[in-house]
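So the chains spell out like this:
There are 2 protein chains.
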Amino acid sequence: MRDKPVIYHIPVCPFSQRVEILLDLKGLRSAVEFQVVDITKPREAWLLEKTRGTTALPVLEDEQGRILKESLVLMSYIEERFPATPVARQDPYERAVERLFITREGPFGNAGYGMVMNRDRAKTEEKRKALLDQYAWLDDMLRFHNPEGTFLFDRFGWAETVYTPLLMRFWFLDHYEGFALPDDPAFARVAKWKAACLSHPAAQQVRFDQIVKLYYDYAVGAGNGALPAGRTVSSFTFTPDWRDRPMPPTDKYDRIATDAELGLV
Amino acid sequence: MRDKPVIYHIPVCPFSQRVEILLDLKGLRSAVEFQVVDITKPREAWLLEKTRGTTALPVLEDEQGRILKESLVLMSYIEERFPATPVARQDPYERAVERLFITREGPFGNAGYGMVMNRDRAKTEEKRKALLDQYAWLDDMLRFHNPEGTFLFDRFGWAETVYTPLLMRFWFLDHYEGFALPDDPAFARVAKWKAACLSHPAAQQVRFDQIVKLYYDYAVGAGNGALPAGRTVSSFTFTPDWRDRPMPPTDKYDRIATDAELGLV
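Line order of the protein sequences matches chains A and B.
Counting in this note's numbering, the first sequence runs from 78 upward without gaps.
Counting in this note's numbering, the second sequence runs from 78 upward without gaps.
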């Protein structure tokens, strides 16, 4: 029997980062062992056997070899396994507001990924509008529940742990789509929240240039480690290291950059 | 200040029934006051003010006038407000399995509602297949986590509270689509679970003929209290009472029954 749970993960994956931030906030980073899976290769047989065929990560294996999936499920599991340092609100009403706030994490993520993966200029504005609608909903919730504050409650908590990894992935929108929240009072509350989330000490597992480089393939429409046309190495490859590669070009609507241009060979 | 929370609800709504079942399992039916909203009329201004414009129900108002929405959020709120009689699993691993199991409640509901609302015969088989895919996933989970048992764990619990109201709404599929789970070992585990859910004493808030009569309009493609073509009274009307109406015809692909034929006038 293992002496601690293991999480099989892709280091740059936002869903894995949620669990890392949670552990950091709880002061329990070493309570779980992280084992890296290479997204650019087919899943290995031993892992598929554990997951009973599903390929989505992260996956948690507990000390008894039992498997759990889905990042929000893993977050709650960690919170309940290690209850001494709660991150979720303890008051039932506040906890409910927190849960309501995270009901949009799926649509929010889809809006951002849908925007970065789009290569049809005719749809750019529609994709941008869909993402802004999500930000507007978050702005309204933050303004209603904590008008003068920074986070949903008095500190970076459960809600921020859920959204921050997505906010960080959306750096790819800054680079590839020239996206920025409008400088408009209607988005002022969510802009304040977003800035505080991005700079929080517990959420520094990834960097702007890392996300932009690794997610290049998403920007040209290829998700989950798939190879764009004309390329032989995924932008998610572990070698060469992303630190040694140049920033990718932003002309995603016009062409797909080569392996060489991306510093992949 | 009120002396207990109020839930504004549509009595036949599956999302409201979830909370009713939970309260029943906790032995707390009178801990919450239920106030009926007529789905066939526009929402009243005082309710829209409370919800800040959203029309979805149920909505909970706590003793201090604070508003909560979304049935799963309300369920967790009730569970945490009244922790003495827990319905959710208490072991973190089991609680996680329960949470994983209910991640499909949205797609499951959508598959059933998508099937009943379809009026294009060319799409009937595709809709049926989509619903069976959902049942197959549930079967696999039940078989893996409790192969010899009836429920996901040792009793009707949180997972069953979430799904049973949907299983009961899907009575409209039995009537209007002639749907039944295939008599096939691949669905035997979920069929056993479904039968036990439908007959559980804590879940008898609605009846087969009630669902079939009230949801007639869904069967001809009109959701949320909207009126089908040629009709002046919604099948969700409170008067005449559903008990006094005949069972609706099943020829939903061919025509829309009249008010008179449905016993609505």
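Take these hints with a grain of salt, some might be off.
Heads up, the list lumps identical chains together, so a pair's fine if it works in one copy or across two of them.
Unchecked claim - In the EDC-like style, the derived pairs of lysine to aspartate or glutamate whose C-alpha atoms are separated by at most 16 Å in a straight line are:
id: 1; residue 1: Lys146; residue 2: Asp328
id: 2; residue 1: Lys200; residue 2: Asp336
id: 3; residue 1: Lys127; residue 2: Asp217
id: 4; residue 1: Lys146; residue 2: Asp217
Don't read these hints as lab results, they were simulated from the structure.
Computed from a prediction, not measured in an experiment: that's the story for all the values here.
Results of checking the hints against the structure:
When the C-alpha separation of Lys146 and Asp328 is checked against a cutoff of 16 Å, the pair qualifies neither within a copy, at 36 Å, nor between copies, at 43 Å. For the homomeric pair Lys200 and Asp336, neither the shortest alpha-carbon distance inside one copy (27 Å) nor that between copies (44 Å) is at most 16 Å. For the identical chains of this complex, Lys127 and Asp217 are inter-copy neighbours only, at 15 Å across copies versus 42 Å inside a copy, given an alpha-carbon limit of 16 Å. Taking CA atoms no more than 16 Å apart as the test, Lys146 paired with Asp217 passes between copies only; the shortest distance there is 15 Å, against 31 Å inside one copy.
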